[in-house]
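*Asks:* Letter by letter, the chains look like this.
Number of protein chains: 2
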Amino acid sequence: MEKIKIFAPATVANVSCAFDVLGFPLQETGDVMTFLKTSETGVKIRMLGNSNLPTEAERNVAGVVALAMLERKSSGFGVEIEIDKRIKPGSGIGSSAASAAGAAFGMNLILGEVFNQNELIEFAMLGEKLASGVAHADNVAPCITGGFALVRSYEPLDVIRIESPDELYVTILHPQIEVKTSDSRRVLKKELPLKTAVKQWGNIASLISALHTSDYELLGRSLEDIIIEPIRSVFIPLFYEVKQAAKDAGTLGSGISGSGPSIFALSKGLETATKAAEAMKKVYAQTDIEFDIHVSKIAATGCRLL
Amino acid sequence: MEKIKIFAPATVANVSCAFDVLGFPLQETGDVMTFLKTSETGVKIRMLGNSNLPTEAERNVAGVVALAMLERKSSGFGVEIEIDKRIKPGSGIGSSAASAAGAAFGMNLILGEVFNQNELIEFAMLGEKLASGVAHADNVAPCITGGFALVRSYEPLDVIRIESPDELYVTILHPQIEVKTSDSRRVLKKELPLKTAVKQWGNIASLISALHTSDYELLGRSLEDIIIEPIRSVFIPLFYEVKQAAKDAGTLGSGISGSGPSIFALSKGLETATKAAEAMKKVYAQTDIEFDIHVSKIAATGCRLL
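Residue numbers (this note's numbering), protein chains in the order written: chain A, 1 to 306; chain B, 1 to 306.
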């Protein structure tokens with residue numbers, strides 16, 4: 001193809017008890033990217049609107065992914081990528097992952113679908129590496145696969161896609177404060193008690209079972225994070241108040257999206273997810289902090305052609 | 001009912017990466033217990049064959065469970081329990097759990113099915129507490145539920161039953177050496193690196209997904225324990241040689257059953273499980289250690305009326 005336009009969804013990684021191994025994409029929230037094949041070799045990046053993100057290909061998340069893919073295929077042509085960045089950087093809902101996975105997905109179409117899903121995730125991980133120093137896959141994987149993506153292992157990369165229960169919706173409150181991924185990694189304890197780990201893996205095992213059986217009650221009971229959330233929540237003003245408001249609104253459970261500052265809550269049905277949005281808003285309306293709210297179905301597909 | 005006879009299966013707990021939270025029962029291997037209602041109150045225990053197990057009800061695993069159940073229902077009658085103990089104590093395939101869960105299951109029938117599944121597991125946990133000092137549920141739960149039983153939480157007790165893939169078989173080699181549960185608990189490190197825990201919960205999450213989708217390949221890839229097995233395997237002579245023999249025979253994966261010394265291997269199909277039994281036998285035939293071999297389908301039901 002000569003020119004294509006794609007949608008690259010925002011993603012929620014970690015999902016409470018599933019730190020570093022699980023994520024899912026949003027149906028409604030995401031970036032739009034346009035890819036234009038050029039006779040000139042190399043990668044040109046154009047950012048739409050106001051953006052502080054670098055546009056040199058080597059320093060741009062989408063750019064490094066595209067460069068690597070062109071190089072691997074020694075394609076003899078170039079590409080111009082226009083990015084309409086609708087996911088705010090630093091939000092904790094996979095802004096860099098959308099650019100990285102979007103680039104991998106779009107470039108694959110431009111190149112004639114020569115790479116498989118695992119390869120696309122691996123290319124996208126190069127973008128994550130540039131963005132945060134760590135080539136993690138828990139945002140880019142679901143951004144490519146859709147549904148819930150479980151990253152079992154990195155060497156070799158082993159990603160399992162799990163269909164999302166049909167009525168599962170997410171509500172996200174994004175407080176516009178900056179939490180650096182590097183800071184939120186640094187505060188984590190490097191060791192933990194075996195007893196705590198066992199409790200956590202009982203929960204993640206149950207969460208996976210609940211996804212497979214669409215058992216919303218069990219899904220709710222499993223959304224408990226006794227390791228990461230107690231530490232990282234200190235960076236997020238009124239975190240527990242928002243959590244309580246979401247609970248009172250009837251959500252299944254809530255937690256920190258990625259490394260924050262966004263807070264996500266999962267609900268059965270759009271009605272509860274919308275009610276939760278109102279309740280979560282109310283908590284933040286008491287503060288001077290600006291915030292965004294997103295309500296979305298869990299997307300069955302990741303990046304998609306528009 | 002006045003008199004009943006039941007089968008209480010052997011169980012494999014831990015299942016590699018799922019330390020302390022998962023277990024499954026065997027179709028073929030287990031104890032046989034007979035319950036006779038008596039006008040005299042109290043519990044009488046009779047052990048068939050040679051057994052060093054105590055027969056005073058208060059000191060017997062089945063006895064304490066039966067006593068607690070009679071007391072809860074203030075039934076006004078007593079019971080005589082005859083136990084044909086076919087699972088060797090200290091084998092690591094849930095010998096005490098079979099007595100405890102069998103007692104809970106049988107007594108419930110004698111009492112007119114007055115307790116629900118969770119209550120039966122809780123009663124059976126009293127037997128485990130007597131046997132090992134810890135009221136763990138990862139053997140008694142599958143012994144009651146059948147299939148794979150996942151113990152998500154203890155307070156409150158939350159057990160999730162997962163159907164076993166249809167062609168899943170287990171091969172067990174039981175070296176007749178003594179490994180005390182208390183010893184095998186004591187050697188475990190109380191802390192572990194977060195990185196290690198994350199790898200382990202990626203595996204357990206994948207294992208659960210594999211069970212739900214009958215994905216035997218994924219099941220095999222997920223059967224990896226980087227926390228407990230490296231430590232406990234030192235108690236089991238030729239552990240890695242048996243593991244290798246099982247792998248070469250085409251099994252999906254293997255590990256320590258419970259706290260050992262039994263070694264289990266999972267296979268797709270009876271043929272591979274039988275081939276694995278031969279291969280595992282061969283390794284132990286080189287030693288002076290006596291051993292038993294069991295080959296069995298994963299049982300869809302736990303304790304059952306005969």
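These are calculated hints, taken from the structure and not from any lab test.
Any given hint could turn out to be false.
You can't tell identical chains apart in this list, so a pair holds if it fits in one copy or across any two.
List of simulated lysine-lysine pairs, PhoX-like, C-alpha gap at most 20 Å [claimed, not checked]:
{"id": "1", "residue 1": "Lys189", "residue 2": "Lys199"}
{"id": "2", "residue 1": "Lys73", "residue 2": "Lys3"}
{"id": "3", "residue 1": "Lys282", "residue 2": "Lys85"}
{"id": "4", "residue 1": "Lys3", "residue 2": "Lys44"}
{"id": "5", "residue 1": "Lys195", "residue 2": "Lys129"}
{"id": "6", "residue 1": "Lys275", "residue 2": "Lys44"}
{"id": "7", "residue 1": "Lys44", "residue 2": "Lys190"}
{"id": "8", "residue 1": "Lys199", "residue 2": "Lys37"}
{"id": "9", "residue 1": "Lys129", "residue 2": "Lys3"}
{"id": "10", "residue 1": "Lys129", "residue 2": "Lys282"}
{"id": "11", "residue 1": "Lys88", "residue 2": "Lys37"}
{"id": "12", "residue 1": "Lys180", "residue 2": "Lys281"}
{"id": "13", "residue 1": "Lys282", "residue 2": "Lys3"}
{"id": "14", "residue 1": "Lys5", "residue 2": "Lys282"}
{"id": "15", "residue 1": "Lys268", "residue 2": "Lys297"}
{"id": "16", "residue 1": "Lys129", "residue 2": "Lys281"}
{"id": "17", "residue 1": "Lys189", "residue 2": "Lys37"}
{"id": "18", "residue 1": "Lys5", "residue 2": "Lys180"}
{"id": "19", "residue 1": "Lys37", "residue 2": "Lys5"}
{"id": "20", "residue 1": "Lys281", "residue 2": "Lys199"}
{"id": "21", "residue 1": "Lys5", "residue 2": "Lys129"}
{"id": "22", "residue 1": "Lys282", "residue 2": "Lys44"}
*Asks:* Could you figure out if Lys129 and Lys282 sit no more than 20 Å apart (CA to CA) within one copy, between two copies, both or neither?
*Replies:* neither (36 Å within a copy, 49 Å between copies)
*Asks:* Checking an output row: Lys129 and Lys3, CA cutoff 20 Å. Within, between, both or neither?
*Replies:* neither (27 Å within a copy, 68 Å between copies)
*Asks:* Checking Lys5 and Lys129: alpha-carbon separation at most 20 Å within a copy, between copies, both or neither?
*Replies:* Answer is neither: 25 Å inside a copy and 63 Å across each miss the 20 Å cutoff.
*Asks:* Have a look at Lys199 and Lys37 and pick one of within, between, both or neither, based on CA distance no larger than 20 Å.
*Replies:* Answer is neither: 51 Å inside a copy and 40 Å across each miss the 20 Å cutoff.
*Asks:* When no copy is specified for Lys129 and Lys281, does a C-alpha distance of 20 Å or less occur within a copy, between copies, both, or neither?
*Replies:* neither (33 Å within a copy, 48 Å between copies)
*Asks:* Between the shortest in-copy and the shortest cross-copy C-alpha distance, which are at most 20 Å for Lys275 and Lys44: within, between, both, or neither?
*Replies:* neither (43 Å within a copy, 59 Å between copies)
*Asks:* How do Lys282 and Lys85 come out at 20 Å by Cα distance, when the copy is not named: within, between, both, or neither?
*Replies:* Answer is neither; intra-copy 27 Å and inter-copy 63 Å both fail.
*Asks:* One pair to classify: Lys3 and Lys44, alpha carbons no more than 20 Å apart. Within, between, both, or neither?
*Replies:* within (14 Å within a copy, 82 Å between copies)
*Asks:* When Cα atoms must be at most 20 Å apart, do Lys5 and Lys282 count as within-copy, between-copy, both, or neither?
*Replies:* Cα proximity of Lys5 and Lys282: none, with 37 Å in one copy and 62 Å across.
*Asks:* Evaluate Lys282 and Lys44 at a C-alpha cut-off of 20 Å and name the case that applies: within, between, both or neither.
*Replies:* Cα proximity of Lys282 and Lys44: none, with 43 Å in one copy and 64 Å across.
*Asks:* Within a copy, between copies, both or neither: which one fits Lys37 and Lys5 at a CA-CA cutoff of 20 Å?
*Replies:* Answer is within: at 12 Å inside a copy they meet the 20 Å cutoff, but 76 Å across does not.
*Asks:* With 20 Å as the alpha-carbon cut-off, assign the pair Lys180 and Lys281 to within, between, both or neither.
*Replies:* Classified as neither; 23 Å inside a copy, 56 Å across copies.
The structure shown violates the earlier hints numbered 3, 6, 7, 8, 9, 10, 11, 12, 13, 14, 16, 17, 18, 20, 21 and 22.
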